[in-house]
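Chemist: Let the hints inform the model, and build the full structure from the sequences given.
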Amino acid sequence: MEKRKILIVEDDEAIAGMIAINLKAAGYATSICYDGVTAAQALTEEKYDLALLDIMLPGMDGFEVFEVAKKVGVPAIFLTAKDDIDSKVAGLRGGAEDYLVKPFEVLELLVRVEKVLARNKKVEKTICFNNIEIDFEERTVKLKGELIHLKPKEYDLLVALVKNKNIAISREKLMNIVWGYDYYGGIHTVDVHIGQIRKKLELKDTIKTVSRVGYRLEVESE
Amino acid sequence: MKLKFKITLICILAIFTAVIISDVIIVSYYAKKNNEEVMVSCKEQFFDTAKSYESEFNRLGREDYRDIFADTYFKKMQNEYVICINPETDKEIYNHTVFSAKEIERICDVESLQEGSDPYDVISYGVAKTQWKSREIIICGRSVGGINVYQVFDVTYVKEEIKNLLLSMVIVSFVVILIVIVLVWTLLKKAFLPLQKLSESAKKIAGGNYSERVSVSNKDEIGELGEQFNVMADAVEERIAKLLEEERKKNVFMGNLTHELRTPLTAIYGYAQTMRAVKLTKEEKEMALKYVEKESLRLSRLSDKMLQLMGLKEGGSIEKRQIKIKSIFKDSVNACSSYIQSKNIIIEMSVGDEYLIGDKDLMTEAIINLLSNAIRASAENGRVKLYVVDKEIVIEDEGAGMEKEEVDKISEPFYRIDKSRSRKEGGAGLGLSLVREILLKHNMEFKIDSKLGVGTRIIITYE
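Top to bottom, those sequences are chains R and S.
In terms of my numbering, the numbers along the first sequence are unbroken and rise by one, the last being 222.
In terms of my numbering, the numbers along the second sequence are unbroken and rise by one, the last being 463.
Simulated from the structure, these hints should not be mistaken for laboratory data.
Keep in mind that a hint or two might mislead.
Said to hold, decoys possible - Negatives, chain S to chain R, calculated, CB over 12 angstroms: (1) 4; (2) 78; (3) 212; (4) 253; (5) 271; (6) 288; (7) 325; (8) 451.
Claimed, not checked - Straight-line distance between alpha carbons at most 27 angstroms, and here's what the computed DSS-like set of lysine-lysine pairs gives: (9) 360(S) <-> 385(S); (10) 24(R) <-> 282(S); (11) 24(R) <-> 294(S); (12) 173(R) <-> 285(S); (13) 279(S) <-> 24(R); (14) 282(S) <-> 165(R); (15) 324(S) <-> 313(S); (16) 24(R) <-> 285(S); (17) 208(R) <-> 294(S); (18) 285(S) <-> 3(R).
The beta-carbon is built from N, C-alpha and C at its ideal position, and this holds for glycine as well.
Modeler: Laid out in C-alpha cells, this is it:
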C-alpha cells in the first residue's frame, strides 16, 4: 500500500525537521511548508492525507490555511504555542480534528496522527512486513501465510509496536497503551509478552531492546 | 431617599408646630374677646331692660302696687328670661326663667351690691349652670323701683362658636399641612432628581462602564457637583484606559515571550526524544544535534536580551561620559563582523571627531542591534551605511524596507515583519525594544524612515 502523505506547515525549521524525521520513521511520507501561502498552494496542488498546521505563520495564519484544507477535504491537526482557550475553540469549532500544544511529546503526536487518520478512514486494513501480515479488522496475524495464534494482549502489544515502528516506546508507555492506566501488574509483564511475540513471529532481531528506553520495532523504510 | 424623607419630616414638623401655635393664639384671643363682648352686650341689654322699666315705673307706678305693676309690665313687654323678686317677702313677682327666686338670689345677690359710677357697673351679674343642661349662663340683676329684677342670658353659643372655630381651624391646618407635604415632596423630588442621576451614573461607572457621564443642567450646587463628577469620571476613564493599555501590552509581551520560549523548547524537546527513540542515520543525528545546539543558543540569546531589557527598565541612572562616535561604530562593526562576512555586506562608515555623552557599552549595544537589523534586512552583497550628520546618527540599508503600518508596530517586543526569515537569521525579536530603552536612558530618540523595496533608515538624534 502507498504511504500516507502528511503536510507539515511550520515556520520553524528545527521543529518542522524534527516532526518530519519522526513521521518518516513511522512510515509516512512528508512534505514541509514554511509559510501559509505555499502551504495553501501545496494543499490544492497535491493530495494529502493530513495536514499539521502551526497557527502563527508568515503569509497566511494557520486558521486561514485550515480553511483551504477543509475545502480540499484534508483533515488537520493544529500545532500551537498559544495555548489560550480562544484559539483552541476557534480551531475545534472550525472543524479541526485535534490540536497539540507546543512543546509536545513525539509519541503523542504520532498517536494523534494515527487517530485522525483512522477517523478519516485513511489507515490500511492490513500491514505487511518481514513475511508477517497483520489484518487489523480480523485481528489476525499470519507468518509466511500461516495463521499464528496470539493472545489478545500479545496482539495489542504487537500493534502498538507496529503502529509506531522505528520509534522506541518505553515499557511504561506500552503498559499504558495495552493494559491501561489502572493495571497494577509488574512492568516485567511487558518483557514476558515481548518474548512471546519474538518467539511466535520470529522477530528476535526486528523487535530491538533499546537500553534505558524500551522496545523498538525496526523496519526498513521502503 | 432618606434625606428626602428627613427634609419632608422636618418641614412637616415645623409647619405643624407653627400651625398649632397660631391656632392656639388665635383661638385664645378670640375666646377672650368674645367673652368680653358677650359680657358687655348682656350688660347693655339688661341695662336697657332695667332702665326702661325704671322710667315706666317712675312715670306710672305706685309704691303699693309695685308687684302688680311689675308683673303687668313684664308680661306686656314679653321680656324673656326675666325674673322679678320682692326683696321684702322674697317672693317671685314675675318669673320667665327656669330658676327659682332662691337660686337666683344665691347666685346673684342684688342687695349686697354697691352702686358704682359706671352705668353698667351698677348691675351685678353671675355665671351659673343649670342642673339639666350644661349651658353657659349670665345672670344680671338690679333693684329697680323697690323690686329686684334679674335677667338670665344663655351664652352657651359663645363656647360653641369657639368650638366651631377650633374645629374649622384644625381642618384648615390639616389641609395646609397636607398641601405642604405634597409641595415639599414634589419640590424635593425635583431637586433630588439630579442627585439620583448622579448616583445611578456612579453605580454604572463602578460597574465598569467608564464612559458613563451625567447631564445635570442645574445652575446650583448640584449642577456643580455634576460637573465635578464628570471631570472625575474623565480622569478615571483616562486612567483606566491607560491601565488597560499597559495590561494589554504586558499580556502581548507575555504571550509573545511564551511563544518565543516554546518554539525552541519544542524543537529541543522533540529532538531529544527523537534521538532516544528513533534509530537515526548519522546525518540525521548530526542534524538533530545541530538544531538542539542552535535552539539552545537562541534561548540563551533570548534570556540575555530579556535580562538586559529588565536591567535597563529597573536600573537607576547610568554613568555618562564623552564617547567618540567613531569608536562606537568600530566596536559595533567588529561585533557584527562574522555576520557581515557571512552575507558579504559592504559597510560604508563616514564619521569625524564627533562625540556624544553617554554610556559606551550601552550605546554600542544599541548600534549593534540596529546594525544587525540592517544586515538582516539586506540581501547578500548588500550595502549598509553608518554616518553622522548634524547631531544625528544614521544607519541606512538598501534592504527589504517596510510598509508604514509595520513601522508603527516594529518596536513592540517580539514583533517580526517576516517571522520565518528573521528567525532563521537569529533575531530574538527584542532588538528595537532594547534600543528604545537604551536611548530612553540617554534622553534620546530614534526615528524609522522606511520604504518597501527601497530600504530603511534609522536616525538617532543626540545632544
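Chemist: Now look at each hint and say whether the structure bears it out.
Modeler: How the hints compare with the structure:
The claim that residue 4(S) lies off the interface holds: its Cβ sits roughly 49 angstroms from the closest Cβ of chain R, which is beyond the 12 angstroms cut-off. Annotated as non-interface, residue 78(S) keeps its C-beta farther than 12 angstroms from every C-beta of chain R; the closest such distance is 114 angstroms. Taking the minimum C-beta to C-beta distance to chain R, about 28 angstroms, the non-interface status of residue 212(S) holds against the 12 angstroms cut. The beta carbon of residue 253(S) is kept farther than 12 angstroms from every beta carbon of chain R, the shortest such distance being approximately 14 angstroms.
Not every C-beta of chain R lies more than 12 angstroms from that of residue 271(S), the closest at about 5 angstroms, which undercuts listing it as non-interface. With 12 angstroms as the threshold on Cβ separation, the claim that residue 288(S) sits away from chain R is violated: the shortest Cβ distance comes to roughly 7 angstroms. Distance check on residue 325(S): its Cβ is at least 36 angstroms (rounded) from any Cβ of chain R, clearing the 12 angstroms threshold; non-interface status holds. Taking the minimum C-beta to C-beta distance to chain R, about 21 angstroms, the non-interface status of residue 451(S) holds against the 12 angstroms cut.
For the given pair, residue 360(S) sits about 21 angstroms from residue 385(S) by alpha-carbon distance, which is consistent with the 27 angstroms threshold. Distance restraint check for residue 24(R) and residue 282(S): the Cα-Cα separation of roughly 16 angstroms lies within the 27 angstroms cut-off, and the hinted pair is therefore satisfied. At roughly 23 angstroms between alpha-carbon atoms, residue 24(R) and residue 294(S) fall within 27 angstroms of each other, so this suggested pair holds. Using a Cα cut-off of 27 angstroms, the hinted pair residue 173(R) and residue 285(S) holds, with the two alpha carbons roughly 24 angstroms apart.
Using a Cα cut-off of 27 angstroms, the hinted pair residue 279(S) and residue 24(R) holds, with the two alpha carbons roughly 11 angstroms apart. Between residue 282(S) and residue 165(R), the direct Cα distance comes to roughly 19 angstroms. Compliance with the 27 angstroms bound is thereby established for this hinted pair. Between residue 324(S) and residue 313(S) the CA atoms are separated by roughly 26 angstroms; this keeps the pair inside 27 angstroms, and the hint holds. Between residue 24(R) and residue 285(S) the CA atoms are separated by roughly 14 angstroms; this keeps the pair inside 27 angstroms, and the hint holds.
In summary, the hint linking residue 208(R) to residue 294(S) is not supported, as the alpha carbons are separated by about 31 angstroms, beyond the 27 angstroms threshold. Using a Cα cut-off of 27 angstroms, the hinted pair residue 285(S) and residue 3(R) holds, with the two alpha carbons roughly 24 angstroms apart.
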